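*Asks:* Chain residues, written in single-letter form:
2 protein chains.
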Amino acid sequence: MRIGELARLTETAPRLLRYYEKQGLIFPRREANGYRDYDDYLVDRVLQIRGLLDAGLPTRIIKQILPCLDAPRTIHFADATPEMLDTLESETERMTRRIECLTRNRDAIQEYLSVVKELA
Amino acid sequence: MRIGELARLTETAPRLLRYYEKQGLIFPRREANGYRDYDDYLVDRVLQIRGLLDAGLPTRIIKQILPCLDAPRTIHFADATPEMLDTLESETERMTRRIECLTRNRDAIQEYLSVVKELA
DNA sequence: TCTATCGTTGACATCGATGTCAAGGTCCAG
DNA sequence: CTGGACCTTGACATCGATGTCAACGATAGA
Numbered sequence: 000m001r002i003g004e005l006a007r008l009t010e011t012a013p014r015l016l017r018y019y020e021k022q023g024l025i026f027p028r029r030e031a032n033g034y035r036d037y038d039d040y041l042v043d044r045v046l047q048i049r050g051l052l053d054a055g056l057p058t059r060i061i062k063q064i065l066p067c068l069d070a071p072r073t074i075h076f077a078d079a080t081p082e083m084l085d086t087l088e089s090e091t092e093r094m095t096r097r098i099e100c101l102t103r104n105r106d107a108i109q110e111y112l113s114v115v116k117e118l119a
Numbered sequence: 000m001r002i003g004e005l006a007r008l009t010e011t012a013p014r015l016l017r018y019y020e021k022q023g024l025i026f027p028r029r030e031a032n033g034y035r036d037y038d039d040y041l042v043d044r045v046l047q048i049r050g051l052l053d054a055g056l057p058t059r060i061i062k063q064i065l066p067c068l069d070a071p072r073t074i075h076f077a078d079a080t081p082e083m084l085d086t087l088e089s090e091t092e093r094m095t096r097r098i099e100c101l102t103r104n105r106d107a108i109q110e111y112l113s114v115v116k117e118l119a
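In order, the protein sequence lines correspond to chains H and B.
Residues 0 to 119 (numbering that gives the first Met the number 0) are what the first sequence spells out, left to right.
Residues 0 to 119 (numbering that gives the first Met the number 0) are what the second sequence spells out, left to right.
Possibly wrong hints are sitting among the right ones.
[As the list claims (entries may be wrong)] Below 35 Å or equal to it, Euclidean Cα-Cα: the simulated DSBU-like pairs (lysine-lysine) are: (1) H:Lys21 - H:Lys62; (2) B:Lys62 - H:Lys116; (3) B:Lys116 - H:Lys21; (4) B:Lys116 - H:Lys116; (5) B:Lys62 - B:Lys21; (6) B:Lys21 - H:Lys116; (7) B:Lys62 - H:Lys62.
These aren't lab readings, by the way, just hints derived from the structure by calculation.
Please read all numbers here as calculations on a predicted model, not as lab measurements.
Take the sequences, apply the hints, and build the full model.
*Replies:* Dropping the structure here:
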């Protein structure tokens, strides 16, 4: 599919799809006329990228994470340098801390909301 | 305490403590000489702010969230306008989506790491 | 008192994600 | 063949969080 369709399917501006490509997150093929040609699986890919971005991860890290999440699961040994494994390990720790912080605060807000509603 | 000590305790540059103040997240008193004077409880406050920022929330939202999380719990009815309750509700939904996305991807990375380690 | 260290404000720079616009090529429907 | 919709690249702008620097005042220890 072309960039416009992917943009509609993922609610992502074409500008950003090109940006994600420049950051090395997606690699569309090209039609003979130069137009980008996106495979269907890139819909999920882009949604995942948006989710991770929204969750606070920078494209630099997402780029390292994505190859590990490909389905069907292919273990990319070539990519699995010790430094990258370290990066991934410390990144999962950061993600866990984020999850805890988000959960704690979300629960506190929800409790606040429920108290306010009860008193209404 | 003064800004330098708070900076050490929270590992946050003084520049940012002033920035958070300008964004309306903290309100230190002033000494007679103009120096900012931070209460002890602001250590936790700043750590919470950093956690929320790191979790992807903008200061604009954090500013609305913080008053709901004060301990001892004081329900600020004056602040609890319907619009703000709406904001908080939709923000908790966003936080839940973030948590799910982070959890899903973290688990996938951890599984990848465990597989790679097993094969090592 | 001198000096190092810390504090103040304000301006300007940077960085990543995103918006916007210009100039031009492609494609298709009328 | 023409007009509108879509694509290309590239430049420049914006926005929030953060870094850095300048010019200056306050503090504290030798």
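*Asks:* Please go over all the hints and tell whether each is borne out by the structure.
*Replies:* Taking the hints in turn, this is what the structure says about them:
1. H:Lys21 - H:Lys62: holds (11 Å)
2. B:Lys62 - H:Lys116: Holds, at about 21 Å.
3. B:Lys116 - H:Lys21: holds (32 Å)
4. B:Lys116 - H:Lys116: Violated. Lys116 (chain B) to Lys116 (chain H) sits at ~50 Å, over the 35 Å cutoff.
5. B:Lys62 - B:Lys21: holds (11 Å)
6. B:Lys21 - H:Lys116: holds (31 Å)
7. B:Lys62 - H:Lys62: OK: Lys62 (chain B) and Lys62 (chain H) at ~32 Å, within 35 Å.
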